[in-house]
Amino acid sequence: VAVGVFGIAFGVLAVQAGLAAWLTVVASVVIVSGAAQFALVGLLAAGPGPVLVATTGLALRHLPMSAKLASLVGDHSLRTRVGLDSAWVSGTAVGAFVGKAIDPAALGIDVLFALLFLGLAAPLIRTRRDWLVVGVAVVCAALATLVLPEAWKITGAATVAAFIGTAIRE
Amino acid sequence: VNDLTLILLVAAVTFGSRVVFLARRRSVPEGIVGRFLEVFPLALFIVLATTGLTAPEGVLAVTPALGGAVGGVVGAIVTRRSLVGTILIGAAGYWLARVLAG
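So the sequence lines, in the order shown, correspond to chains A and B.
155 is the number that my numbering gives to position 155 of the first sequence; each next residue is one higher, with no gaps.
87 is the number that my numbering gives to position 87 of the second sequence; each next residue is one higher, with no gaps.
Excised from the complex, chain B in its bound form (with noise of 0.2 Å):
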């Protein structure tokens, strides 16, 4: 699959499920399926952050990255859970911890 059918089938999939939801826009997912869709999103994104800030390399390390992790929970708590107070003040404690690293 090159990168052009894969952007493809990614937005069949986006417009498919925008489909459904005009077509049976009542129709809520229930129980196990609603819960399970409800949490994906929230556990993807939490993955794929812990994995680029603790593993960078694909094993996990101790580098400057750690210090934008603990920057952005901070900048997250701090901001209310903001996008981009998570992201400014996670890039200002990443760009600290690699000053001080040398």
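The following block holds chain A by itself, in its conformation from the complex (with noise of 0.2 Å):
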């Protein structure tokens, strides 16, 4: 239900972002990486180049979780991930068509935007260190706003962080 709800969301904040309904499902089907979706919505409006590197860095995060994984990848795990998989299409589906009705200035959909990924960054907060990444983002973020051209201030603030999150001893 859970996977559903946030298809649902989306679909809503991808054709809010000015994808077409049609390639807003079509991204649900092929990609189906919750987080590389998002953050292509997110960085739509920035053009090809950033949504591709900020995208890379999110999939290559699948190599270092690689040895945890192993063992949970079977045939269980498969029936799941088409039940999962399901959900978050038909969920997207709903999403884009109802998305189109909303006036994106009446329920803040930008901020809500923003709190999402707030919230996905929130259960990958766990130790001192990601704590000083988290400051260092924030500020790295101010500064682009101000330095950065438009459409690398996201991804190059990001890459930024993350080079002095990775100097950052535990």
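Derived from the structure by calculation, the hints contain no laboratory data.
Just so we're clear, the structure is a prediction, and the values are computed from it rather than from any experiment.
Every residue, glycine too, gets a C-beta built ideally from N, C-alpha and C.
Take the hints with a grain of salt, since some may be wrong.
Stated by the list, open to error - What follows is a list of derived Cβ distance ranges for each label pair:
| # | chain 1 | residue 1 | chain 2 | residue 2 | range |
| --- | --- | --- | --- | --- | --- |
| 1 | B | Val33 | A | Arg81 | 24 to 30 Å |
| 2 | A | Asp85 | B | Gly102 | 42 to 48 Å |
| 3 | A | Leu107 | B | Val19 | 37 to 43 Å |
| 4 | B | Leu100 | A | Ile102 | 21 to 27 Å |
| 5 | B | Gly31 | A | Pro104 | 41 to 47 Å |
| 6 | B | Ser82 | A | Leu146 | 31 to 37 Å |
| 7 | B | Thr5 | A | Ala142 | 31 to 37 Å |
| 8 | A | Pro149 | B | Val84 | 32 to 38 Å |
| 9 | B | Ala12 | A | Arg81 | 17 to 23 Å |
| 10 | B | Leu4 | A | Ile102 | 22 to 28 Å |
| 11 | B | Phe15 | A | Asp103 | 32 to 38 Å |
| 12 | A | Pro104 | B | Val19 | 34 to 40 Å |
| 13 | B | Val1 | A | Ala142 | 25 to 31 Å |
| 14 | A | Ala45 | B | Leu8 | 15 to 21 Å |
Two chains, two separate frames, one set of hints: put the complex together.
Take a look at the structure:
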């Protein structure tokens, strides 16, 4: 149910960001990654370069997790995966077609979108280093707003913050 | 690059990483690369949230969205970093700030 609800949220936000309803559904069918899809929508206005840099960084995070996840890949996870994917795609379809009728300013869609990213970040904060990365990322985001070109301010700030976070010892 | 091509490219990147994961599931990047990949998603999500909440029109500004930021942070702490709790309490903070701002 939760996956379906977030699918609806993705559908609504994607059409509000300017993606055609049918392309929104295609995105959920072929990408099947909530984080990458929300980043795609968030960076859609910035153009293909920033979108691809950000989604590559998100996709490659699967590699460090590979050893931990290896033992979980099996028939059961495949069945679960099919159920989750169905909920995700059908939720997206509902959101994409309902989203056209929503007034974004009245509901504060932009703010809810930003809060969604805050919500996605929250479970990733586990250590003191993670808190430091959060602080660095906030500062980088503010500075990027002032100095970086519009298209690259988000991806650029995230990359710099991640590099600084890489240098921080646990 | 049109939207469909961009979506297909993102799909290729996403599935490419999964194929690498399945083909070399015991190979974990270590050192600087591993640490960078570990912190990049957190940095990206925080930058996206910060930009949307502090500079909704592209420049830093005091708007009701800051109420959402405060609510979101409080929500994350109170609900022990729950995604849904962060969004719901953040939305409540935004709406409260919006009402107070008239």
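Cβ distance range 34 to 40 Å for A:Pro104 and B:Val19, holds or violated: holds, 37 Å
Distance restraint evaluation - B:Ala12, A:Arg81, Cβ atoms, bounds 17 to 23 Å: With Cβ atoms ~19 Å apart, the hint holds.
Distance restraint evaluation - A:Asp85, B:Gly102, Cβ atoms, bounds 42 to 48 Å: Given a distance of about 45 Å, which is inside 42 to 48 Å, the answer is holds.
Satisfaction of the hinted span 32 to 38 Å by the C-beta atoms belonging to A:Pro149 and B:Val84: holds, 35 Å
Range agreement (Cβ of A:Pro104 with Cβ of B:Gly31, hint 41 to 47 Å): Roughly 44 Å apart at Cβ, these two residues keep to the hinted range, so it holds.
B:Val1 versus A:Ala142 beta-carbon gap, inside 25 to 31 Å or not: Given about 30 Å between the Cβ atoms, the range holds.
Whether the CB-CB distance between B:Phe15 and A:Asp103 falls inside 32 to 38 Å: holds, 36 Å
C-beta pair A:Leu107, B:Val19: status relative to the range 37 to 43 Å that was hinted: Holds: the Cβ-Cβ distance is about 39 Å, inside 37 to 43 Å.
Distance restraint hint 15 to 21 Å, applied to the beta-carbon atoms of A:Ala45 and B:Leu8: holds, 19 Å
Outcome of range test on Cβ distance (B:Leu4, A:Ile102; 22 to 28 Å): holds, 24 Å
Cβ distance range 24 to 30 Å for B:Val33 and A:Arg81, holds or violated: Hint holds: Cβ distance 28 Å, inside 24 to 30 Å.
A:Ile102 and B:Leu100 - C-beta distance against the hinted 21 to 27 Å: holds, 24 Å
Of the numbered hints listed earlier, not one is contradicted by the structure.
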